[in-house]
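Taken in sequence, the protein lines are chains G and A.
Here this note's numbering is used: position 238 in the first sequence is 238, and no number is missing along the way.
Here this note's numbering is used: position 248 in the second sequence is 248, and no number is missing along the way.
Since the hints were made in silico from the structure, they are not lab data.
As the structure is a prediction and not an experimental result, all values here were calculated from the model.
The beta carbon of each residue, even a glycine, is placed where N, CA and C say it ideally should be.
A portion of the hints provided could be inaccurate.
Simulated pairs of lysine-lysine, DSBU-like, Cα-Cα distance not exceeding 35 Å [what the hints assert, rightly or not]: (1) G:Lys8 to A:Lys183; (2) A:Lys183 to G:Lys48; (3) G:Lys258 to G:Lys48.
Examples of chain A residues toward chain G, derived with CB under 8 Å [what the hints assert, rightly or not]: (4) Ile3; (5) Phe22; (6) Val96; (7) Val107; (8) Leu112; (9) Asn124; (10) Leu206; (11) Val209; (12) Met220; (13) Ser253.
Negatives, chain A to chain G, calculated, CB over 10 Å [to be verified]: (14) Val61; (15) Met122; (16) Leu201; (17) Ala239; (18) Ile263.
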Amino acid sequence: MSVQLDWKWIPRGIGLGILAFIIFGPLVNLLLWAVAERWYFPHVLPLKYGFSFWTSVFSPRGNAMGSLATSVLIAVLTVVVSLGLAIPAGYALARLKLPFRGLILLALLIPQAFPNLPVYVNIARIFYQYGLNGTIFGVVLVHVTHGLVYAVWIATAAFSAIDRELEEAARSMGASALRGFWDVTLPIAAPGLLASAIFVFLESLDEFTGTYFVGAPDVTTLPLLLYTASSGGNYQIASITALILLVPSIAFMFVVEKFLRSDVLSKVGH
Amino acid sequence: MPIPLIGFLLVAPALAIVLLLFIVPLISSITGAFDVGGTFGFGNFIKSFELYSSDMVFTLVIVLLSSALIGLFSIMIGGYLTLGSNPTAVSILRWVYRWPLFIPFIVVGQVLRTFLAKNGLMNNIFIEAGIMTPMAAMSFLDWRGIVTAFVWKQTPFVTLLLAGAMASIDRSTIEAARNLGAKRIRILIEIVLPQVRQTLLVGLILSFVTMMSVLSVPLMINAQSPTMITANMAFRINAHGDYGVANALGLISLLMTSVAAIIYLRQTMREHAR
Numbered sequence: 001m002s003v004q005l006d007w008k009w010i011p012r013g014i015g016l017g018i019l020a021f022i023i024f025g026p027l028v029n030l031l032l033w034a035v036a037e038r039w040y041f042p043h044v045l046p047l048k049y050g051f052s053f054w055t056s057v058f059s060p061r062g063n064a065m066g067s068l069a070t071s072v073l074i075a076v077l078t079v080v081v082s083l084g085l086a087i088p089a090g091y092a093l094a095r096l097k098l099p100f101r102g103l104i105l106l107a108l109l110i111p112q113a114f115p116n117l118p119v120y121v122n123i124a125r126i127f128y129q130y131g132l133n134g135t136i137f138g139v140v141l142v143h144v145t146h147g148l149v150y151a152v153w154i155a156t157a158a159f160s161a162i163d164r165e166l167e168e169a170a171r172s173m174g175a176s177a178l179r180g181f182w183d184v185t186l187p188i189a190a191p192g193l194l195a196s197a198i199f200v201f202l203e204s205l206d207e208f209t210g211t212y213f214v215g216a217p218d219v220t221t222l223p224l225l226l227y228t229a230s231s232g233g234n235y236q237i238a239s240i241t242a243l244i245l246l247v248p249s250i251a252f253m254f255v256v257e258k259f260l261r262s263d264v265l266s267k268v269g270h
Numbered sequence: 001m002p003i004p005l006i007g008f009l010l011v012a013p014a015l016a017i018v019l020l021l022f023i024v025p026l027i028s029s030i031t032g033a034f035d036v037g038g039t040f041g042f043g044n045f046i047k048s049f050e051l052y053s054s055d056m057v058f059t060l061v062i063v064l065l066s067s068a069l070i071g072l073f074s075i076m077i078g079g080y081l082t083l084g085s086n087p088t089a090v091s092i093l094r095w096v097y098r099w100p101l102f103i104p105f106i107v108v109g110q111v112l113r114t115f116l117a118k119n120g121l122m123n124n125i126f127i128e129a130g131i132m133t134p135m136a137a138m139s140f141l142d143w144r145g146i147v148t149a150f151v152w153k154q155t156p157f158v159t160l161l162l163a164g165a166m167a168s169i170d171r172s173t174i175e176a177a178r179n180l181g182a183k184r185i186r187i188l189i190e191i192v193l194p195q196v197r198q199t200l201l202v203g204l205i206l207s208f209v210t211m212m213s214v215l216s217v218p219l220m221i222n223a224q225s226p227t228m229i230t231a232n233m234a235f236r237i238n239a240h241g242d243y244g245v246a247n248a249l250g251l252i253s254l255l256m257t258s259v260a261a262i263i264y265l266r267q268t269m270r271e272h273a274r
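Extracted from the complex, chain G is given alone in its bound form:
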């Protein structure tokens, strides 16, 4: 068998190479900073590698562990509240005859259609009057508002994609409406709902602007810790924090299509 050289691979290779450099160059840089002990101009690569910054970040005195715990707590609460609101709303929007259905879907879309910085500024002012500023609960409320759009839209799509007859079959065998929902509809919709839960979790974990206005300085999440470290020129600590935030995001990117099947995706927004 003779090896044939395909000349078209030259432009293809150059194109893919440039793209790979643009995408992975900055990420490699982050990895290098996370394990660099000493790195200064004009050295292309770090002079000394090591994990001493990791031990200081994760030591009991370092505040990364505390921020990580706060971030995860806020994200879990945000998922619970968002799905608690989105599952009934999504079911009603997908299955029941609702007056003004289009208008309701549109109203739920509003948080995505306007820049949210001016809104966060004013939420912070309103929350201040009620003593919600600087509390976990206040931050969760802000994250829920932001995550609700995705949660409701994906839940609606997940319920719309289910064959109505399955539920009716359960009903005809004498199951109550709630029982039919609990035993038939909810398990079938579960992968779509799980995808929306992961999505809301990540959005909350990564959220910066709302937490910056409502939570800081009392509630320190990982993104706020990253910002403080980076502003102080502490690139190692900032890079390690960034890496912690990066791992779940990239993991989700690879599995998103396994959860969100195309029949659910095609129903989003209908």
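Starting from the structure of chain G, add chain A where the hints point.
For chain A alone, kept in the frame of chain G given last:
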């Protein structure tokens, strides 16, 4: 209980959250913009324009330029994913392009801050490779850094939407044109693009709104003047507690996105009228 009432009760809690925690503060940001020491006036806007008119132009130029580049790159990537003839190259591209999709903006800011700096890794690699002399190295942490951050992060999102729409169009017209000997670039521009224009516009408008809301990127990459008005809003509040000017700037950013939304709506209506 009648079904519409049950349905409404199921939707009501979610609607209440959006109403109380988004629409009410949105309205108070608009009224707050005209609140000068308790009375109605335009003082906040006069002050905003005096202090930040160059930043407003800067913001608009950055966001428009980023949107144009995001559109261009997503058409290029989506087009190759749809029309590419080599399955290996297509699957490599599909694997590579979407990495930044869910990377948070704050991480993008930190990553590019170190990558694009004067003695960052990018310049160092170029110098080492002999493409650039050390004297020519310069920092990209100005408007170019912000545009790079936005394009880097948002292109995969628009591409994902666009490639999905491109994959669902009727292949037979593409095959017919190919059989007639049309070049792929011509098929992309004349056959594929007109059919996915709507999706492209939706993706770009969503990106536009996102870029107008992101605070971390301008703060991390370029917080000195000229900067984006998002950074100015944060500065007015943190340094001066000046909600009036912050709200006026917020209303200006709302108006900028409204223009984008209106262009989009007119486009949709024109298409429906046809």
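Hints and how they fare:
With a CA separation close to 15 Å, the supplied pair lysine 8 (chain G) and lysine 183 (chain A) stays within the 35 Å bound. Of the supplied pair hints, the one linking lysine 183 (chain A) and lysine 48 (chain G) is violated, its CA atoms being roughly 52 Å apart against a limit of 35 Å. Restraint check: the Cα-Cα separation between lysine 258 (chain G) and lysine 48 (chain G) comes to about 41 Å, which exceeds 35 Å; the hinted pair is violated. This hint holds: isoleucine 3 (chain A) has a C-beta 5 Å from the nearest C-beta of chain G, less than the 8 Å allowed.
Restraint check, phenylalanine 22 (chain A) versus chain G: the minimum CB separation of about 5 Å is within 8 Å; hint holds. Interface hint status for valine 96 (chain A): upheld, as the beta-carbon distance to the closest one in chain G is roughly 6 Å, under 8 Å. About 4 Å separates the beta-carbon of valine 107 (chain A) from the nearest beta-carbon of chain G, less than 8 Å, and the hint is met. About 6 Å separates the beta-carbon of leucine 112 (chain A) from the nearest beta-carbon of chain G, less than 8 Å, and the hint is met.
The closest approach between the C-beta of asparagine 124 (chain A) and any C-beta of chain G is roughly 4 Å, which is under the 8 Å cut-off, so the hint is satisfied. The criterion of a C-beta within 8 Å of any C-beta in chain G is met by leucine 206 (chain A), whose closest approach is roughly 7 Å, and the hint holds. Look at valine 209 (chain A): its Cβ gets to within about 6 Å of chain G, closer than 8 Å, so that hint holds up. Proximity of methionine 220 (chain A) to chain G holds as hinted, the smallest CB-CB distance being about 6 Å (cut-off 8 Å).
Annotation: interface hint on serine 253 (chain A) holds; nearest CB of chain G at approximately 5 Å, less than 8 Å. Every C-beta of chain G lies more than 10 Å from that of valine 61 (chain A), the closest at about 17 Å, which supports listing it as non-interface. With 10 Å as the threshold on Cβ separation, the claim that methionine 122 (chain A) sits away from chain G is violated: the shortest Cβ distance comes to roughly 6 Å. Against the 10 Å criterion, leucine 201 (chain A) stays outside the reach of chain G, whose nearest CB is about 14 Å from its own CB.
The non-interface label for alanine 239 (chain A) is consistent with chain G: the shortest C-beta to C-beta separation is roughly 14 Å, beyond 10 Å. In this structure isoleucine 263 (chain A) is separated from chain G by more than 10 Å, as the shortest Cβ-Cβ distance comes to about 14 Å.
Hint check: violations occur at hints 2, 3 and 15; the rest are consistent with the structure.
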